[in-house]
Amino acid sequence: MTILKTENLTRHFGGLAALDHVNMEIRENEILGIIGPNGAGKTTFINVIAGIYLPTQGKIFFDDQDITELPAHKRCRLGIARTFQLVRPLPGLSLLENVMVGSLFGKGLRQREARKKAEELCEFLGLSNMTRDITRMTALEVKKMEIAHAMATQPKLLFLDEVMAGLNSDETMEMIALVRKIHSWGMTIGIVEHVMRVIRELTHRVVVLDWGQVIAAGAYEQVSNDSRVITAYLGEEA
Amino acid sequence: MQVFSKLKQSNYQITIISIVLATILALWKPHVLIEGLQRGCLYAVIALPMALILGIVGIINLAHGDFMMLGAYFAYFLNVHLGTDPLVAIFPALLAFFLIGIASYRAIIKYVLSSPELNQLLLTFGLAMVIEQLANLLWTSRPIKLPLRYVSASATIGSFTFGTFEFVYVGAAIIVLAGLLLFLKHTSTGQAALAVGQNPRGAKLVGINVDRTYLFIFSLSIALVGSIGAIFMTRHSIFPLVGAPFTMKSFCLIAMAGIGNLMGILWCSLILGIAENFVLSFRGYAGWADILFFALIVLVIIIRSRQRQVK
Amino acid sequence: MKSSRYLVYIGVLIILLTLPFYTGVYLLNVMDIILIYLALALSWDMLLRSGQISFGMAGLFGVGGYAAALIHLNAGVSPLLSIALGGLAAGFLACLIGMAVLQLRGMYFAIVTLALAEIFRVVIRNLPDLTGGPEGTILPSAIFSGNSTKTYWLVLTVAAVSVIASEIFRRTRIHFALTSIRNDEIVAKSSGISVFKYLVFIFAVTSAIQGITGGAYAHIYGFVSPEGSFSLDFTLLPIAMTLLGGMHSTWGPVVGALLLGVVSEFLKLKIPYGHLLVYGIIIVITILFFPQGIVGTIGQRLKKNHVERLAS
Numbered sequence: 000m001t002i003l004k005t006e007n008l009t010r011h012f013g014g015l016a017a018l019d020h021v022n023m024e025i026r027e028n029e030i031l032g033i034i035g036p037n038g039a040g041k042t043t044f045i046n047v048i049a050g051i052y053l054p055t056q057g058k059i060f061f062d063d064q065d066i067t068e069l070p071a072h073k074r075c076r077l078g079i080a081r082t083f084q085l086v087r088p089l090p091g092l093s094l095l096e097n098v099m100v101g102s103l104f105g106k107g108l109r110q111r112e113a114r115k116k117a118e119e120l121c122e123f124l125g126l127s128n129m130t131r132d133i134t135r136m137t138a139l140e141v142k143k144m145e146i147a148h149a150m151a152t153q154p155k156l157l158f159l160d161e162v163m164a165g166l167n168s169d170e171t172m173e174m175i176a177l178v179r180k181i182h183s184w185g186m187t188i189g190i191v192e193h194v195m196r197v198i199r200e201l202t203h204r205v206v207v208l209d210w211g212q213v214i215a216a217g218a219y220e221q222v223s224n225d226s227r228v229i230t231a232y233l234g235e236e237a
Numbered sequence: 000m001q002v003f004s005k006l007k008q009s010n011y012q013i014t015i016i017s018i019v020l021a022t023i024l025a026l027w028k029p030h031v032l033i034e035g036l037q038r039g040c041l042y043a044v045i046a047l048p049m050a051l052i053l054g055i056v057g058i059i060n061l062a063h064g065d066f067m068m069l070g071a072y073f074a075y076f077l078n079v080h081l082g083t084d085p086l087v088a089i090f091p092a093l094l095a096f097f098l099i100g101i102a103s104y105r106a107i108i109k110y111v112l113s114s115p116e117l118n119q120l121l122l123t124f125g126l127a128m129v130i131e132q133l134a135n136l137l138w139t140s141r142p143i144k145l146p147l148r149y150v151s152a153s154a155t156i157g158s159f160t161f162g163t164f165e166f167v168y169v170g171a172a173i174i175v176l177a178g179l180l181l182f183l184k185h186t187s188t189g190q191a192a193l194a195v196g197q198n199p200r201g202a203k204l205v206g207i208n209v210d211r212t213y214l215f216i217f218s219l220s221i222a223l224v225g226s227i228g229a230i231f232m233t234r235h236s237i238f239p240l241v242g243a244p245f246t247m248k249s250f251c252l253i254a255m256a257g258i259g260n261l262m263g264i265l266w267c268s269l270i271l272g273i274a275e276n277f278v279l280s281f282r283g284y285a286g287w288a289d290i291l292f293f294a295l296i297v298l299v300i301i302i303r304s305r306q307r308q309v310k
Numbered sequence: 000m001k002s003s004r005y006l007v008y009i010g011v012l013i014i015l016l017t018l019p020f021y022t023g024v025y026l027l028n029v030m031d032i033i034l035i036y037l038a039l040a041l042s043w044d045m046l047l048r049s050g051q052i053s054f055g056m057a058g059l060f061g062v063g064g065y066a067a068a069l070i071h072l073n074a075g076v077s078p079l080l081s082i083a084l085g086g087l088a089a090g091f092l093a094c095l096i097g098m099a100v101l102q103l104r105g106m107y108f109a110i111v112t113l114a115l116a117e118i119f120r121v122v123i124r125n126l127p128d129l130t131g132g133p134e135g136t137i138l139p140s141a142i143f144s145g146n147s148t149k150t151y152w153l154v155l156t157v158a159a160v161s162v163i164a165s166e167i168f169r170r171t172r173i174h175f176a177l178t179s180i181r182n183d184e185i186v187a188k189s190s191g192i193s194v195f196k197y198l199v200f201i202f203a204v205t206s207a208i209q210g211i212t213g214g215a216y217a218h219i220y221g222f223v224s225p226e227g228s229f230s231l232d233f234t235l236l237p238i239a240m241t242l243l244g245g246m247h248s249t250w251g252p253v254v255g256a257l258l259l260g261v262v263s264e265f266l267k268l269k270i271p272y273g274h275l276l277v278y279g280i281i282i283v284i285t286i287l288f289f290p291q292g293i294v295g296t297i298g299q300r301l302k303k304n305h306v307e308r309l310a311s
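Protein chains in written order, with numbering that gives the first Met the number 0: chain B, 0 to 237; chain W, 0 to 310; chain V, 0 to 311.
What the hints contain is simulated information worked out from the structure, not anything from laboratory work. C-beta: ideal position from N, C-alpha, C; glycine also. Just so you know, nobody snuck in bad clues.
Beta-carbon label-pair distances, calculated as ranges: (1) V/76 to W/113: 49 to 55 Å; (2) V/296 to W/139: 35 to 41 Å; (3) B/70 to W/257: 24 to 30 Å; (4) W/114 to V/16: 39 to 45 Å; (5) V/166 to B/173: 40 to 46 Å; (6) W/206 to B/221: 49 to 55 Å; (7) B/135 to V/163: 29 to 35 Å; (8) W/101 to V/170: 46 to 52 Å; (9) W/257 to V/16: 51 to 57 Å.
Make a model of the complete structure from these sequences and hints.
Shown next, in the form of structure tokens:
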């Protein structure tokens, strides 16, 4: 069952096509890797799906519903959530409260239920001392908070944008285990990563973007041996 | 590309429509056309310096109109104490207000350039209040006017008479607009200023002294708007709050034309001036002229936000 | 810890309620003014928490005043009801303006609000049959026939309403929405918050409070006029009070209103022309030197001491 489908998805910034006629699908309960060199359009893709940018051209279907014109907050309520590559915690709110923003507005829970949900998520992700200020967190904790916040909106489709960046080996393993757990609950996950180990271990399928276009799609072994993909990452062979 | 050819098309359309409308007005209500032109140019000379600050320094100066008011009082006192004609007072005003601009920038404005827009708005609002109330304190709210004979100069074409002195505004608008365009496009300081306006960090990397540019542009803007006050007071009575409406109208014009579109600001100013005079020409409805700019800016905002839907 | 706080609140409330029984008319009138500015300051702060500045308090205050006065005069509605309706009118008007203008926020919104007072003045001056024109309209009598105790209780109620509203905005999900919208609209949107709807809602509610305050003021003083009802005071003082006391809190504007309200009375006697200068200076100085205001700065100090104590 396809949960997300894009048709000729295009997004221009000025003269530059950050996304260029992207046709792709995400199947329910799969973990899809989205990879490509820097500037390929991976984060733009997430932004367009999430509704932060409207596409210049093309359509987006979520659960067979055309959401191309839908504003971002409505897409969130339908079940699309994402983390931010450059983390954006909200100052003035504690760790728990940051997560609560997601649970309060994602599905409109009442404050008490929203707080409980947020606490559960923080515990699940291994975040202790939830009432503390967000200025006193480690990099790993901030990333976990981002994930908790996104999950608090109770999504069906979750995009993780480079959540493994800057983590050491142990932390990466912990994160991989967490993502697997989340997936086991029935979540569909789109994961943008540069760390290939993560892609190899977690994903069922991979889509490769370069210059806003899909240049390859398939299982990781297949895609990593594709000459176009290698060229995109490493440049032309001498 | 596509966007440009569209613009050109609409430019031709707009020019043709304007010529048609202008001709209609010239025949039906020539007063409206002439006086609207003059008034529009007054709006333009006041709005252009504000556009300069907004576009290059990136800050909105809510005290803008109040500096004009100060310039008007400056010219008044120069006349009272030294007998200087206000039009001549433009030159000392330019110098005096350039210095005032430097002082304001160094003492106050500089500190909020990196603050959120909120703080900038509040600060310049506070500054506007300080200037207005200081004027109130020193000179009371009683309007004052200089009796100058040459301001009632007029000419007659056929059966209709119009004031000719107000063409000073037209002259000033042309000089300021042409001067600014030449300065920005053809001098190194001006080009540096444009660069800073577009990308302050990049400009710094290329070795442009961003702070000095901000200082210069800000002071230039204050100098211009102060000296315009001198021209303004020849024809209008002045009082401490006289400048405030011009701040709002200037912003409205900049919003209509788009920040950085200096030429467009002139056109929009003419439109506003003529539209206001048009409303003024109907006896019973004259009082409504003053909300025209408000209707315009709300319209502009609605249109702009529709465009921005493409985020 | 918590129960002693509630005791203090109740104590203060009792003192405020019984004030008329042991103070004179002059002090009650001063309190009236302070409480009116307090309500305005709180309403300004509530919108500020969303990240938007309104310079339109005077405008909506005056609209409420005129609406209350005219509804009372022309429809024979009781003064109290007309005050509530005045608030409704102001809120409704703000809703319309907000829907038109809040798609573009920041300075566009701020400057539109700056123009509001003048726009309303022009409209009122040009509809003399309805509004009494430039001279204004006098009400047949002040509310409660000028009884200063009842007048004080009316204003106290209005102020209490604004305090309660401010606290609701701080303790319910509205607090989360406001903080998200203020700090990062993109995160807010991605969390499912309809930013535009919230902003229009908050603008309408805070404007309604300003309208109710204006309605009360109109009935207390018994007249409305383009100059008096839309006076710059009603925009300038609440801003200065909130900045001085501390933004984004209930206590901040309250402290600011108490301090500056007292100062205002004093200044008006000493410097009849241009005493507003002080407020302009206060705004400039607080923005430049302590944007947290008094309550904010004390709050930060307390937090720092608490943390240092924990660390040692």
